[in-house]
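Line by line, the protein sequences give chains A and B. Here the first sequence is numbered in numbering that gives the first Met the number 0, starting from 0 and rising by one per residue. Here the second sequence is numbered in numbering that gives the first Met the number 0, starting from 0 and rising by one per residue.
Worth flagging that the hints you see were computed from the coordinates, not collected in a lab. Hints should not be assumed to be uniformly reliable.
Claimed, not checked - Straight line, CA to CA, 27 angstroms or less: simulated DSS-like cross-link-like pairs of lysine-lysine: (1) B:K72 with B:K87; (2) B:K124 with A:K279; (3) B:K145 with A:K164; (4) A:K144 with A:K164; (5) B:K69 with B:K87; (6) B:K47 with B:K59; (7) B:K135 with A:K279; (8) A:K54 with A:K377; (9) A:K162 with B:K145; (10) B:K69 with B:K59; (11) A:K97 with A:K65; (12) B:K69 with B:K57; (13) B:K57 with B:K67; (14) B:K135 with A:K253; (15) B:K81 with B:K44; (16) B:K145 with A:K97; (17) A:K149 with A:K97.
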Amino acid sequence: MKKKSISILLIFILLALALSGCTNGKTSNSWGYAAVDGDNVVFTNANSVIALSTKNGSVRWTYPAKSSASRLFFSAPAISEQGMNGDEQVLIGDSAGKLVSLSNSDGSTEFWTFDSAQGKYIASPLIVDNVVIAPNTDGFVYFIKLSEDKSGWTIDSASSYPKRKDIETRGLDTNALDAFWANPVSDGNTAYVANMNHTVYAIDIASASEKWSQDLGGPLVAQPLLSETGILYVGTLNSQLYALNTTDGSIVWKQTLTGGVWSEPVLKDGNLFIGDESGKVTILNAETGSIIDTVDKESSILSRGIDLGDVIAFANEAGDIFSITTTGESKILGSVTGKIYSNLVYDGTQLYVMPTEGDALIYALDTEGNELWPYSGK
Amino acid sequence: MWDSVIITPFINFLLWIYSLVGNLGVAIILFTVVSRVLLYPLTVKQIKSSQALQELQKDKKFLEIQEKYKGDKERLGQEQMKFYQERKISPFASCLPTLIQFPIIIGLYQAMIQTVASYPLDLLKLIRHIYPSFIKASQLLPLNTKFLWMDMGTPERLYIPGIAWGIPTLAIIVVITTYISTKIISPPSSGANDQSAMMGNMMNIYMPLLMGWLAWSLASGLALYFVTSNLLQIAQYAISGKVYWNNLLPKKKVEDTKKNTKKTRG
Numbered sequence: 000m001k002k003k004s005i006s007i008l009l010i011f012i013l014l015a016l017a018l019s020g021c022t023n024g025k026t027s028n029s030w031g032y033a034a035v036d037g038d039n040v041v042f043t044n045a046n047s048v049i050a051l052s053t054k055n056g057s058v059r060w061t062y063p064a065k066s067s068a069s070r071l072f073f074s075a076p077a078i079s080e081q082g083m084n085g086d087e088q089v090l091i092g093d094s095a096g097k098l099v100s101l102s103n104s105d106g107s108t109e110f111w112t113f114d115s116a117q118g119k120y121i122a123s124p125l126i127v128d129n130v131v132i133a134p135n136t137d138g139f140v141y142f143i144k145l146s147e148d149k150s151g152w153t154i155d156s157a158s159s160y161p162k163r164k165d166i167e168t169r170g171l172d173t174n175a176l177d178a179f180w181a182n183p184v185s186d187g188n189t190a191y192v193a194n195m196n197h198t199v200y201a202i203d204i205a206s207a208s209e210k211w212s213q214d215l216g217g218p219l220v221a222q223p224l225l226s227e228t229g230i231l232y233v234g235t236l237n238s239q240l241y242a243l244n245t246t247d248g249s250i251v252w253k254q255t256l257t258g259g260v261w262s263e264p265v266l267k268d269g270n271l272f273i274g275d276e277s278g279k280v281t282i283l284n285a286e287t288g289s290i291i292d293t294v295d296k297e298s299s300i301l302s303r304g305i306d307l308g309d310v311i312a313f314a315n316e317a318g319d320i321f322s323i324t325t326t327g328e329s330k331i332l333g334s335v336t337g338k339i340y341s342n343l344v345y346d347g348t349q350l351y352v353m354p355t356e357g358d359a360l361i362y363a364l365d366t367e368g369n370e371l372w373p374y375s376g377k
Numbered sequence: 000m001w002d003s004v005i006i007t008p009f010i011n012f013l014l015w016i017y018s019l020v021g022n023l024g025v026a027i028i029l030f031t032v033v034s035r036v037l038l039y040p041l042t043v044k045q046i047k048s049s050q051a052l053q054e055l056q057k058d059k060k061f062l063e064i065q066e067k068y069k070g071d072k073e074r075l076g077q078e079q080m081k082f083y084q085e086r087k088i089s090p091f092a093s094c095l096p097t098l099i100q101f102p103i104i105i106g107l108y109q110a111m112i113q114t115v116a117s118y119p120l121d122l123l124k125l126i127r128h129i130y131p132s133f134i135k136a137s138q139l140l141p142l143n144t145k146f147l148w149m150d151m152g153t154p155e156r157l158y159i160p161g162i163a164w165g166i167p168t169l170a171i172i173v174v175i176t177t178y179i180s181t182k183i184i185s186p187p188s189s190g191a192n193d194q195s196a197m198m199g200n201m202m203n204i205y206m207p208l209l210m211g212w213l214a215w216s217l218a219s220g221l222a223l224y225f226v227t228s229n230l231l232q233i234a235q236y237a238i239s240g241k242v243y244w245n246n247l248l249p250k251k252k253v254e255d256t257k258k259n260t261k262k263t264r265g
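For reference, chain B alone in the conformation it holds in the complex:
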């Protein structure tokens, strides 16, 4: 079911793009652009929910709750939830579009892996996934997997003369772009005791590291997909509404928050 509804169409679509451009790296970039455009309505919803949450956290009453219960974390959590309910806002609303996207992203990921077909069983599966009336597998194979200095079927390393080991440039770019894409829409913390902000901060650190690890260890085709997807996501955030570039400068953010808190007290 999953194979026939999600993975097979994705693989055929990716190979169809490949048949037009003749390079798997370029096909992956175009494939990512199209999939990101199709997922754009969900991204917009995510941004709007995130912004609503962010606006709420500047609210005077919200900041008062933070200050009042800063010594009692359990009570603080309860009061925050009560406040969200009063304003009819779910703190998880911004996660929902991401959750909906998740099966699609997993499908894209699996389609990518199978299209690269690094091993015999992968190739057998790939051939069986192809719609014979749509794509002539024997004419298309082998795929041109070389893109810039990379081979899409193997983990990426950039070898520079004089340096014995390869630099995982794509993995580094994946870490940076994932960090930026998650950070610039995160609601700024309204205080040190804001539990959701602290959890968000942890996600902002772990998620780029996870993606970087995957980009370091898996085929570079997938890393290219991550980078393209992250860059498009950042562009979509920038087009759709507010992005908080200041979030990328942690010290400044903390100072701003302190100023806001002082003003509220005053």
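Chain A on its own, in the form it takes in the complex:
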């Protein structure tokens, strides 16, 4: 009888672990992102952050030392040259609402930790001077002011947009907006953040107060693109691409695409290149929004394009990486196993591709699409 009861108990424990594990994250729930700076390419993979050498893909460090199913990393790390004693800091948020600043040299030193958020970090943090802008799924954008002294980085103060009633008190806050998933952008004074509630907000960084907001009529998960001329380009999940005036948020033009937009466009020579869920790359005149050309790749394009100089590189769900010239000619550069949803990353010489359900977690390719090294995690 004892044996039977132990067997039943074991079955229940296994069932609990399987159900909570398979539904609470891991690679099946989302895709990771990468960032590259200097010698390290840092990427997230479910419950760990891994830094590899850009030269050969060897592991530089992994974080955390002990991974946990309750701490998942699905936002792109942000690498800042502002570090301690010349050491860069890597900012990374997790699914438990914790934002940490790590040393880019060893990944184990935590310069500081901010854990007041109550949702997940799906958006990547943005560092503007000494302020970290961190949108969260709890419906707040956090502005964390840092100061540096001899002992290291410390958090000087933290505020939020909209204002949380008490940033230290947990529980639902009626001021909260819907979730922020999109990465923020900034011109140095103003942060532009897109919310799932269809609205783009322009927020003054110094005061964390709203300058303007604009309802775009569709859910927003894509990072906006901020041009040097002060135009903000934002794509929506309901297949619209908008150009907004950053002065007041007014709509300069609006264009309908063929599918939902998950990433920002690339601006090159006065033209915008944007992929969508229908598998098409649309080339538009950035000033007027008129469509110049459309290239059909027949597989969803969720990842943003990368300007490689002569061509723009895109990747699709089928695992193909392809180039598009400014005249709309397309060529396959290479393919990887798995589905590409994550943004391509480029360091000036190498492309980094992170497939979901692929043979490797990340590939380094040259600009011709030749594989330089894969990293499979084994």
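Let chain A serve as the given structure and place chain B on it in line with the hints.
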């Protein structure tokens, strides 16, 4: 196949309810009510089978077998099975409706998880599951996931001023309601050697703990589904036939059983 036949219709139905009420918490409750009503015939069968088994265990001959072979567990099991066969009753009959419900419950569970869409891949899958002619995803999203003090997309915790940590109230309610819903229809044990009763008792302990663990660790939308489902199940048991509230008081049950056994001997 599983996706197109089970999960996609469930997701679309849940979102359709959501489009009427505008709150995911309320939609989950209504969705659970409808699914429980649809599964009601199976629940009735389960209750009837369970009651038949329970009546059988009060039988004089059954109690005699218990007493006679209490020192030989293997023989006791054999004799019990023989007795069930003689009376043409399967001790597993009450489990069958549950087994039939299981794929549906798994489907509901997966639909719930995907509808909450906490991560980008979940959202992509959700958008692809939606029938575009039936539901306009871009108008519906983002879903209003806030319900009472909870966010349906994250594990539930109730924060009370003065207490540093959150209380997992839904997980506690899930444990209690699961315990009650399994306990009140369990056939009372006719003796300490009744193996099926002992196994049942173990299930009565492990199942609430399992459900509580899931409610503690997963999105509160799922915990809300568990609580609603358990409460409806208890109500259905109460409406459909006998419920053994005394089973919730272990000591009393044992005393009753002893009295019954003494009477039989006498």
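Problem set entry | Hint consistency between K162 (chain A) and K145 (chain B) [alpha-carbon to alpha-carbon, up to 27 angstroms] | It holds: about 18 angstroms lies between the C-alpha atoms, which stays within 27 angstroms.
Exercise. Given the proposed pairing of K145 (chain B) with K97 (chain A), does the C-alpha separation stay at or below 27 angstroms?
Worked result: holds, 21 angstroms
Exercise. Between K81 (chain B) and K44 (chain B), is the straight-line Cα distance small enough, at 27 angstroms or below?
Worked result: holds, 23 angstroms
Problem set entry | Straight-line alpha-carbon gap K97 (chain A) to K65 (chain A), limit 27 angstroms | holds, 15 angstroms
Exercise. CA of K57 (chain B) to CA of K67 (chain B), is that 27 angstroms or under?
Worked result: At roughly 16 angstroms apart (the allowed maximum being 27 angstroms), K67 (chain B) and K57 (chain B) satisfy the hint.
Exercise. Given the proposed pairing of K149 (chain A) with K97 (chain A), does the C-alpha separation stay at or below 27 angstroms?
Worked result: holds, 24 angstroms
For this session: Could you grab the alpha-carbon distance between K145 (chain B) and K164 (chain A) and see if it respects the 27 angstroms cut-off?
Result: Holds, at about 17 angstroms.
Exercise. Are K47 (chain B) and K59 (chain B) close enough, with their CA atoms no more than 27 angstroms apart?
Worked result: holds, 21 angstroms
For this session: Take the C-alpha atoms of K72 (chain B) and K87 (chain B), compute the straight-line distance between them, and say whether it is at most 27 angstroms.
Result: Holds. K72 (chain B) to K87 (chain B) sits at ~22 angstroms (cutoff 27 angstroms).
Exercise. Straight-line Cα separation of K144 (chain A) and K164 (chain A) no greater than 27 angstroms?
Worked result: holds, 19 angstroms
Problem set entry | Hinted pair K54 (chain A) and K377 (chain A), Cα distance within 27 angstroms | holds, 18 angstroms
Problem set entry | Agreement of K124 (chain B) and K279 (chain A) with the hint, judged by alpha carbon distance not exceeding 27 angstroms | holds, 19 angstroms
In summary, the structure agrees with every hint in the numbered list given earlier.
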